[in-house]
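Asker: From first to last, the protein sequence lines are chains A and B.
Number 87 in the numbering used here belongs to position 87 of the first sequence; there are no gaps in the numbering.
Number 230 in the numbering used here belongs to position 120 of the second sequence; there are no gaps in the numbering.
Quick caveat, the hints were computed from the structure, so don't treat them as lab data.
Certain hints may be false.
Within a straight-line C-alpha distance of at most 27 Å, the following computed DSS-like cross-link-like pairs (lysine-lysine) qualify [unchecked claim]:
| id | chain 1 | residue 1 | chain 2 | residue 2 |
| --- | --- | --- | --- | --- |
| 1 | A | Lys33 | A | Lys54 |
| 2 | B | Lys225 | B | Lys235 |
| 3 | A | Lys47 | A | Lys62 |
| 4 | B | Lys256 | B | Lys123 |
| 5 | B | Lys199 | A | Lys66 |
| 6 | A | Lys33 | A | Lys16 |
| 7 | B | Lys235 | B | Lys245 |
| 8 | A | Lys89 | B | Lys176 |
| 9 | B | Lys145 | B | Lys199 |
| 10 | A | Lys89 | B | Lys123 |
| 11 | B | Lys225 | A | Lys78 |
| 12 | B | Lys146 | A | Lys54 |
| 13 | A | Lys52 | A | Lys41 |
| 14 | B | Lys176 | A | Lys62 |
| 15 | A | Lys47 | B | Lys225 |
| 16 | A | Lys66 | B | Lys225 |
| 17 | B | Lys256 | A | Lys62 |
| 18 | A | Lys52 | A | Lys62 |
| 19 | A | Lys41 | A | Lys62 |
| 20 | B | Lys176 | B | Lys145 |
| 21 | A | Lys66 | A | Lys45 |
| 22 | B | Lys145 | A | Lys78 |
| 23 | A | Lys71 | B | Lys199 |
| 24 | A | Lys16 | A | Lys52 |
| 25 | A | Lys60 | B | Lys181 |
| 26 | B | Lys199 | B | Lys123 |
| 27 | B | Lys245 | A | Lys89 |
| 28 | B | Lys199 | B | Lys256 |
| 29 | B | Lys181 | B | Lys123 |
| 30 | A | Lys70 | B | Lys225 |
| 31 | A | Lys78 | B | Lys176 |
| 32 | A | Lys66 | B | Lys256 |
| 33 | A | Lys70 | A | Lys60 |
| 34 | B | Lys225 | A | Lys71 |
| 35 | B | Lys256 | A | Lys84 |
| 36 | A | Lys60 | B | Lys199 |
| 37 | B | Lys235 | B | Lys146 |
| 38 | A | Lys78 | A | Lys54 |
| 39 | A | Lys70 | B | Lys199 |
| 40 | A | Lys60 | A | Lys33 |
Predicted model only: the values in this text are computed from it and were never measured.
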Amino acid sequence: MNSRTTVAIDNELRKKLKKLSAALDITQGEVIKRALSVYEKEIFKNKELNNKEKTTNNEKTKLIVKEILKKATEIIWKQDPERKAIQEKLSEGPETIDDFILNDWESGLS
Amino acid sequence: MLQNKDQVIDRTKDCIAIDSNVFRNLDFINYLTLKKSEINIFLPTIVQLEVGYYYIGRGISWDVFKKDIQKFNGIFLQWNNEIIPEVIKRAYYERINLPFRHHFRDFLIGVECEKISINLISYNKNHFIWLRDLKCYTPEEYLDEKLSQDNI
């Protein structure tokens, strides 16, 4: 269902609207409808591309960070066998530091 | 290694405190060791206690633990009774979302960081949302930020 609305446009735009309406033999409202439809598609397409690009960049950064951290351990373990032995001990068994202590923290007041 | 009350912090370097759960990521501890000339790394009191206990539980003595922390020039924050009223106040304000029973450690850590204005690295960022003037990062976020700064 059509409804009326008022928008202010400059002369140049009004002329374009009239010209397109006449050339396509459609109402000015239809011109606006079609133009908006094209514009809407373009905007969402760009947004989607940007989001995809952002996701790819985030994933790339995550991989770089992971790689730097892994490399740090390689270097330190090579330089410092004592540190390596300690960290291997810390990594023994299924428990992480969280399992070992942090998850059990309570005030002791029951 | 110990942070004395009157000791001046070298602010020309990046200053961070680490939470105990950061020790879940030993790669990050190694990264900090490699970057020790660029970063001042602080261990809040309760972190010393928790991680020291964790080391002991794995058969590693307190002395070896201290030596291991020294490898990244880790600074043990010294317990200061003056922070207690602030810890209590913060814990009471946040009691609904962060009950004291489970989160008193977080308030101790956070207030210690606030006292010397240093950002915190933790995997439990949600436990520190009450820290208004400090940033809390996960180890990965911190590294990500460092990388962005290096690229500028």
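Asker: Compare the structure with each hint and give your call.
Answerer: Outcome of the hint check:
Proposed proximity of Lys33 (chain A) and Lys54 (chain A) is contradicted: the alpha carbons are some 31 Å apart, above 27 Å. Distance check on the hinted pair: Lys225 (chain B) and Lys235 (chain B) sit about 19 Å apart at the alpha-carbon level, within 27 Å; holds. Between Lys47 (chain A) and Lys62 (chain A) the alpha-carbon distance is near 22 Å, which keeps this suggested pair within the 27 Å criterion. Of the supplied pair hints, the one linking Lys256 (chain B) and Lys123 (chain B) holds, its CA atoms being roughly 12 Å apart against a limit of 27 Å.
For the suggested pair Lys199 (chain B) and Lys66 (chain A), the alpha carbons sit about 39 Å apart, so the restraint of at most 27 Å is broken. Proximity of Lys33 (chain A) to Lys16 (chain A) is assessed by CA-CA distance (about 14 Å); at most 27 Å being required, the pair is judged to hold. Proposed proximity of Lys235 (chain B) and Lys245 (chain B) is supported: the alpha carbons are some 9 Å apart, at most 27 Å. A threshold of 27 Å between alpha carbons decides the hint, and for Lys89 (chain A) with Lys176 (chain B) the separation of about 16 Å falls inside it, so the pair holds.
In summary, the hint linking Lys145 (chain B) to Lys199 (chain B) is not supported, as the alpha carbons are separated by about 36 Å, beyond the 27 Å threshold. A C-alpha spacing of about 32 Å is found between Lys89 (chain A) and Lys123 (chain B), which places the hinted pair above 27 Å, so the restraint is violated. The straight-line distance between the Cα atoms of Lys225 (chain B) and Lys78 (chain A) is roughly 38 Å, outside the 27 Å bound, and the hint therefore fails. Among the hinted pairs, Lys146 (chain B) with Lys54 (chain A) is inconsistent with the structure: their alpha-carbon atoms are about 32 Å apart, more than 27 Å.
A hinted pair counts as satisfied when its Cα atoms are at most 27 Å apart, and Lys52 (chain A) with Lys41 (chain A) qualifies at roughly 16 Å. For the given pair, Lys176 (chain B) sits about 31 Å from Lys62 (chain A) by alpha-carbon distance, which is inconsistent with the 27 Å threshold. Taking the CA atoms of Lys47 (chain A) and Lys225 (chain B), the gap is near 44 Å; set against the 27 Å cutoff, the hint is violated. A C-alpha spacing of about 32 Å is found between Lys66 (chain A) and Lys225 (chain B), which places the hinted pair above 27 Å, so the restraint is violated.
Distance check on the hinted pair: Lys256 (chain B) and Lys62 (chain A) sit about 13 Å apart at the alpha-carbon level, within 27 Å; holds. The straight-line distance between the Cα atoms of Lys52 (chain A) and Lys62 (chain A) is roughly 15 Å, inside the 27 Å bound, and the hint therefore holds. A threshold of 27 Å between alpha carbons decides the hint, and for Lys41 (chain A) with Lys62 (chain A) the separation of about 31 Å lies outside it, so the pair is violated. Between the alpha carbons of Lys176 (chain B) and Lys145 (chain B) the distance comes to roughly 18 Å, so the proposed pair stays at or under 27 Å and holds.
Distance hint between Lys66 (chain A) and Lys45 (chain A) is unfulfilled; the C-alpha atoms sit about 32 Å from each other, more than 27 Å. For the hint pairing Lys145 (chain B) with Lys78 (chain A), the CA-to-CA distance comes to about 16 Å; that is within 27 Å, so the pair holds. Between Lys71 (chain A) and Lys199 (chain B), the direct Cα distance comes to roughly 43 Å. Violation of the 27 Å bound is thereby established for this hinted pair. Our distance criterion of 27 Å between C-alpha atoms is broken by Lys16 (chain A) and Lys52 (chain A), whose separation comes to about 35 Å.
For a cut-off of 27 Å, the pair hint linking Lys60 (chain A) to Lys181 (chain B) is broken: about 30 Å separates their Cα positions. Of the supplied pair hints, the one linking Lys199 (chain B) and Lys123 (chain B) is violated, its CA atoms being roughly 31 Å apart against a limit of 27 Å. Among the hinted pairs, Lys245 (chain B) with Lys89 (chain A) is inconsistent with the structure: their alpha-carbon atoms are about 32 Å apart, more than 27 Å. Taking the CA atoms of Lys199 (chain B) and Lys256 (chain B), the gap is near 33 Å; set against the 27 Å cutoff, the hint is violated.
Restraint check for Lys181 (chain B) and Lys123 (chain B): satisfied, since their Cα atoms lie roughly 17 Å apart, inside the 27 Å limit. Restraint check for Lys70 (chain A) and Lys225 (chain B): the C-alpha separation of about 33 Å exceeds 27 Å, so the hint is violated. Using a Cα cut-off of 27 Å, the hinted pair Lys78 (chain A) and Lys176 (chain B) holds, with the two alpha carbons roughly 21 Å apart. The hinted pair formed by Lys66 (chain A) and Lys256 (chain B) meets the criterion: a straight-line CA distance of about 14 Å does not exceed 27 Å.
As the CA atoms of Lys70 (chain A) and Lys60 (chain A) are separated by approximately 15 Å, the hinted pair is consistent with the 27 Å bound. At most 27 Å may separate the alpha-carbon atoms for a hinted pair to count; Lys225 (chain B) and Lys71 (chain A) exceed this at roughly 34 Å. At most 27 Å may separate the alpha-carbon atoms for a hinted pair to count; Lys256 (chain B) and Lys84 (chain A) meet this at roughly 25 Å. Distance restraint check for Lys60 (chain A) and Lys199 (chain B): the Cα-Cα separation of roughly 42 Å exceeds the 27 Å cut-off, and the hinted pair is therefore not satisfied.
This hinted pair checks out: Lys235 (chain B) and Lys146 (chain B) have alpha carbons roughly 24 Å apart, not beyond 27 Å. In summary, the hint linking Lys78 (chain A) to Lys54 (chain A) is not supported, as the alpha carbons are separated by about 36 Å, beyond the 27 Å threshold. Proposed proximity of Lys70 (chain A) and Lys199 (chain B) is contradicted: the alpha carbons are some 41 Å apart, above 27 Å. Our distance criterion of 27 Å between C-alpha atoms is broken by Lys60 (chain A) and Lys33 (chain A), whose separation comes to about 40 Å.
Going down the numbered hints, you'll see the structure goes against 1, 5, 9, 10, 11, 12, 14, 15, 16, 19, 21, 23, 24, 25, 26, 27, 28, 30, 34, 36, 38, 39 and 40, while the others check out.
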